[in-house]
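Participant: Below, each chain spelled out in residue letters.
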Amino acid sequence: MTELLSAKKLLSLAALVGVALAVFWALTMPRFLPNLSIFQQVGNPVKGEDVFNIAGCASCHSAEGAEAEDKLILSGGREFPSPFGTFYAPNISPDPEFGIGGWSTYDLANAMMYGVSPDNKHYYPAFPYSSYARMNPQDIVDLKAFLDTLPPSSEPSRSHDLPFYAQWRRPVGMWKQFFYDPAPVYPNSADGLIERGRYLVEGPGHCSECHTSRNPLGGPIMSLYLAGAPSLEGEGYIPNITPHEDGLAGWTETEIANYLNTGFTPDFDSVGGLMVEVVENTALLSDEDRRAIAAYLKSIPGKPDAPRE
Amino acid sequence: MKKALLGTTFAIVAALGAVTLNAAGHDPVEQRIALMKANGAAAGVLGKMVQGENPFDAAAALAAITEMRDIAAGFGDLFPEGSETGPNSTANSTIWSDRAGFDAALAKYLADTQAAVDTPPQSLEELGASFGAIASNCRACHQTYRIPR
Chain Y
1311 MTELLSAKKL LSLAALVGVA LAVFWALTMP RFLPNLSIFQ QVGNPVKGED
1361 VFNIAGCASC HSAEGAEAED KLILSGGREF PSPFGTFYAP NISPDPEFGI
1411 GGWSTYDLAN AMMYGVSPDN KHYYPAFPYS SYARMNPQDI VDLKAFLDTL
1461 PPSSEPSRSH DLPFYAQWRR PVGMWKQFFY DPAPVYPNSA DGLIERGRYL
1511 VEGPGHCSEC HTSRNPLGGP IMSLYLAGAP SLEGEGYIPN ITPHEDGLAG
1561 WTETEIANYL NTGFTPDFDS VGGLMVEVVE NTALLSDEDR RAIAAYLKSI
1611 PGKPDAPRE
Chain G
19 MKKALLGTTF AIVAALGAVT LNAAGHDPVE QRIALMKANG AAAGVLGKMV
69 QGENPFDAAA ALAAITEMRD IAAGFGDLFP EGSETGPNST ANSTIWSDRA
119 GFDAALAKYL ADTQAAVDTP PQSLEELGAS FGAIASNCRA CHQTYRIPR
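Each protein sequence line maps, in turn, to chains Y and G.
Counting in our numbering, the first sequence runs from 1311 upward without gaps.
Counting in our numbering, the second sequence runs from 19 upward without gaps.
Just chain Y, with the same shape it has in the complex (with noise of 0.2 Å):
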């Protein structure tokens, strides 16, 4: 009697943990954009080219300490360190061996705003898809019309540095189900500018990635969005860039833009660490772009710097 039981049990059981994988597999099934018309165009580099510096690829695609025109080689081989491992910035470059110059614009849009590679793998979120996820699908095409102009480097993608729970990809949709939500963080705005501006800070620019804090899973915590963050490289706080005495209330749209130009702070403090690679970056932005960013930072509601823990 007591063994039929328990053998009912443990098909039960059985049963439940089949039910629980095939929702987990389906939960974080990869997923992929529609394949629209728009990925057949033939891109602007022109345009690209802008969206490549708002975008920031160079500042991990590039080789570690490359200046000026070495920064167009997206050989890749930076380091990231993470509380989960060390991630390397892989090979963009349009090598059709060792880079991506076998992509498609679809592959690339789907790697950018899905997270998701052409051999159908889930990409750590180190790789910033979950603002990307929020671009315009014209600024991908010409984005990499821009990409296939630069030179191609053979140098081979280096694998990340991950302990062994965190090398399977598959959870990483599970991640993707709590925390990539490609809707706007702030509703649309009427205002032309401010808008241009909300797409570029939140889209493209990323900014939120080092600004907005992360819990335990590394996800971002969005009700403290752009409110500061512990700095994930392990020492210092990455500023609260809200409309908050703790952050840019102090600071004019016209300073904010200046900032992203020259690098200086209204007291004529410099840029440093991470942000000095972004500076330059913002500098070859259109003025107009540079206060369109401004004008959403004054825009959004401010907030108190995020915990300092």
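Hints should not be assumed to be uniformly reliable.
[What the hints assert, rightly or not] Covered by chain G, per the in silico footprint, the following chain Y stretches (three or more residues, Cβ under 8 Å):
{"hint": "1", "stretch": "1546-1560"}
{"hint": "2", "stretch": "1569-1579"}
[What the hints assert, rightly or not] Calculated Cβ distances over 12 Å to all of chain Y for the following chain G residues:
{"hint": "3", "residue": "Asp-45"}
{"hint": "4", "residue": "Pro-46"}
{"hint": "5", "residue": "Gly-94"}
{"hint": "6", "residue": "Asp-136"}
{"hint": "7", "residue": "Ala-158"}
{"hint": "8", "residue": "His-160"}
Because the hints were derived from the structure by calculation, they are not lab data.
Note that the Cβ used here is the ideal one computed from N, Cα and C, for glycine as well.
Following the hints, put chain G in place on chain Y, whose structure we already have.
Facilitator: What follows is chain G alone, placed relative to chain Y:
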């Protein structure tokens, strides 16, 4: 006359000694924060001229550049072993793990400010060039040797 001269010399030496003593009495963390603030104020004098907020003034520009040169000359001494942390310190541990690189960055800053002192800018254009060269030191050093806050 001789006595007066001696007296003046003595007063200068005493004053210098007092300044040094006073400086030595302060915590190096406080000192370097104060000096960087002064450095920022001097950069502001130049930056506001370059950005057209204030008119070009050769004498004021030279004074600001000279101050930056003087700060550059002694700044490295304010990071002794044991001063890695302190209230409001934004010094990066890389200063101590890569001391040679930090010293080289400061030497470059000193050389660039010295060059501008030796050939003081006489026009807004010349100031723009000097300021560009000097300011590139700010971000280069802060990129590696300062933590964000």
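Participant: Work down the list of hints and note, for each, if the structure agrees.
Facilitator: Cross-check of the supplied hints:
{"no.": "1", "hint": "1546-1560", "verdict": "holds (count 4)"}
{"no.": "2", "hint": "1569-1579", "verdict": "holds (count 6)"}
{"no.": "3", "hint": "Asp-45", "verdict": "holds, 20 Å"}
{"no.": "4", "hint": "Pro-46", "verdict": "holds, 19 Å"}
{"no.": "5", "hint": "Gly-94", "verdict": "holds, 18 Å"}
{"no.": "6", "hint": "Asp-136", "verdict": "holds, 23 Å"}
{"no.": "7", "hint": "Ala-158", "verdict": "violated, 8 Å"}
{"no.": "8", "hint": "His-160", "verdict": "violated, 3 Å"}
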